[in-house]
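Trainee: Chains as they are written, first to last, in our numbering: chain U, 259 to 532; chain F, 159 to 448.
Don't read these hints as lab results, they were simulated from the structure.
Hints may contain errors.
As a list, the in silico EDC-like pairs of lysine to aspartate or glutamate whose alpha-carbon atoms are at most 16 Å apart [what the hints assert, rightly or not]:
1) Lys294(F) x Asp297(U)
2) Lys301(U) x Asp286(F)
3) Lys415(F) x Asp200(F)
4) Lys254(F) x Glu348(F)
5) Lys198(F) x Asp418(F)
6) Lys301(U) x Asp304(F)
7) Lys360(U) x Asp417(U)
8) Lys363(F) x Glu348(F)
9) Lys357(F) x Glu253(F)
To give an idea of the chain U side of the interface with chain F (calculated C-beta under 10 Å), a few residues [as the list claims (entries may be wrong)]:
10) Ala277
11) Leu363
12) Ser526
These figures come from a predicted structure and were not determined experimentally.
The beta-carbon is built from N, C-alpha and C at its ideal position, and this holds for glycine as well.
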Amino acid sequence: MRANPVTGTISYLFLIAVAVVCLLPFYSMIITATHSNTDIAQKLLLIPGDQLSQNYHRLIGSVNIWRGLLNTAFVTVVSTILNVYTATMVGYGFSKFNFRFKETLFLAVLATMMIPGQLGIIGFYKLMDTLHMLDTYWPLILGSLSNAFGVFMIRQFADSSVPTEIIESGRIDGYGELQLFHRLILPLLVPVMATYAIFAFIGKWNDFLTPMIVLFDNNKQTLPVMIASVKSQFTSDFGAQYVGIVISVVPIVVFFSLMSKRIISGVSAGAVKG
Amino acid sequence: MKSKVNKSAYGYLFISPFFIGYAVIGLVPILYTFYLSLTKWDGFTDPVYVGLSNYQRLLHDSFFFQTIGNTLIIWIFSIVPQLILALLLALILNEKFIRGKHFFRAVFYFPNLISAVTLGVLFSLIFDWQTGAVNKMLMNIGLLHDPINWLKDPWWSRAIAAAVTCWQYFGFNLIVFIAGMQSIPAEVFEAAEVDGATKRQMVFKITLPLLRQVFMFTFITSVIGGLQLFDGPLMLGDGPGNTARTMIMYLYETAFKAFDYSYGAATAYGIFIIIMVFTAITARASRLKE
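The task is simple: from the sequences and hints, build the whole structure.
Mentor: What follows is the structure, encoded as structure tokens:
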């Protein structure tokens, strides 16, 4: 269908306007991070300044933000692996085995998605205290076992794309059930595992409430909590705060520019199935 | 399954990680929280059973009721423009003649990937009344004479919390809507075109009705997510007289700042009931709206 030029122009103008609103705060963030506090307080800043390294050194002087980045990377990678692996196992179990109460149990899995995450937070804190897991990464890593959405996604995929004959032939060849899962099934599920891994990764990377309440040692803290503490520690040092934000945003920019097609098609796939 | 050996019992083995995991980090904490809500516990001494007194206190807690109102206001201010914007942009981006579709979708979706904490800090700086870029810009172009103290005004502070949330999530809804539109078979539109339907008729008679399922999904997930708003608003602050404090912020402040864990536990259950009620209302309303 040919577009009428007026509608076309208005459409583009609207798209561009919204895109500018999306990008402007990030532009302002990068520009402002390069100016001195006096300039930040007095002027509207539109072009880069030369104070980036001074701001950076004041920030690093009291908040070890790179440590936070490393901590977050460690927790996120370990959790994502555990999350995706168990979701795949459970999704495969629901897809390819017949057992009593299967559909009821599957509904129970889906029902956990409707429970607000913060309902049990105080009991969780007390339980982790009782298990001597406070101020360790265990609560953060174990949290990734609650992965109903992943189970759902992987079951959908396994239902349609893992032929039962493969399982049959594996059994005839004398594979044990776990061996069969690892050798024959996992390779077939790699595409959906990769898509789900992106969701799991982003969710964990941005996790804030749980690390804030279970970790006490500043050196163990994750990046989002460090950013929050930068805000309270550097109340009037805006330059340092902006540099902290830049450091937390830049890895996501890199990640997204490498993976944007995959992330967006993953979100679309998740949405259609949901 | 027609396997000669009955392997069905192995199914339980494969699904067990979820149930064991959820029991430990989900179910037990939820039940434990309920037990704690019936006690007096400050985190240092042992919990003492006190019956329903925390719940009685909650029913008379005007601070709690204020946070319910604040959360609903922020949620409505963010969800309405969010869905309208997402739908309009999705309709535009679904047109064949538009170029750079991937670029626009990527730009619109990008804010969704940044942690709400970072965005909260960023916007609290941008809206800072003395040093923030927004006031300076508005004063430079002459729209404002004196700076507005955005985050210290009851309605502006809520509106900003809502705007940041809207800005962060409209791109996600946009992608969901486009995915929904693309799942409508092209033949439907071709047939309508042959029958002489206008663009407008196609949108209102085909696209929107067929997206009902998608809208329901979006509404319900947005109630559950929107009523749990926390990270971003926490960084933007409580507002004057707590006008921008959300329910989960109150829960956090009660339990982990004032160390009244048992009252926090009762608050958590109060919030749960409110979220369930609003989820049910939304589910009912979207089903009724034929």
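Trainee: Hint by hint, say whether it matches the structure.
Mentor: The hints, checked one at a time:
no.: 1; hint: Lys294(F) x Asp297(U); verdict: holds (12 Å)
no.: 2; hint: Lys301(U) x Asp286(F); verdict: holds (13 Å)
no.: 3; hint: Lys415(F) x Asp200(F); verdict: holds (11 Å)
no.: 4; hint: Lys254(F) x Glu348(F); verdict: holds (13 Å)
no.: 5; hint: Lys198(F) x Asp418(F); verdict: holds (8 Å)
no.: 6; hint: Lys301(U) x Asp304(F); verdict: holds (15 Å)
no.: 7; hint: Lys360(U) x Asp417(U); verdict: holds (14 Å)
no.: 8; hint: Lys363(F) x Glu348(F); verdict: holds (14 Å)
no.: 9; hint: Lys357(F) x Glu253(F); verdict: holds (11 Å)
no.: 10; hint: Ala277; verdict: holds (5 Å)
no.: 11; hint: Leu363; verdict: holds (7 Å)
no.: 12; hint: Ser526; verdict: holds (4 Å)
Of the numbered hints given earlier, the model fails none.
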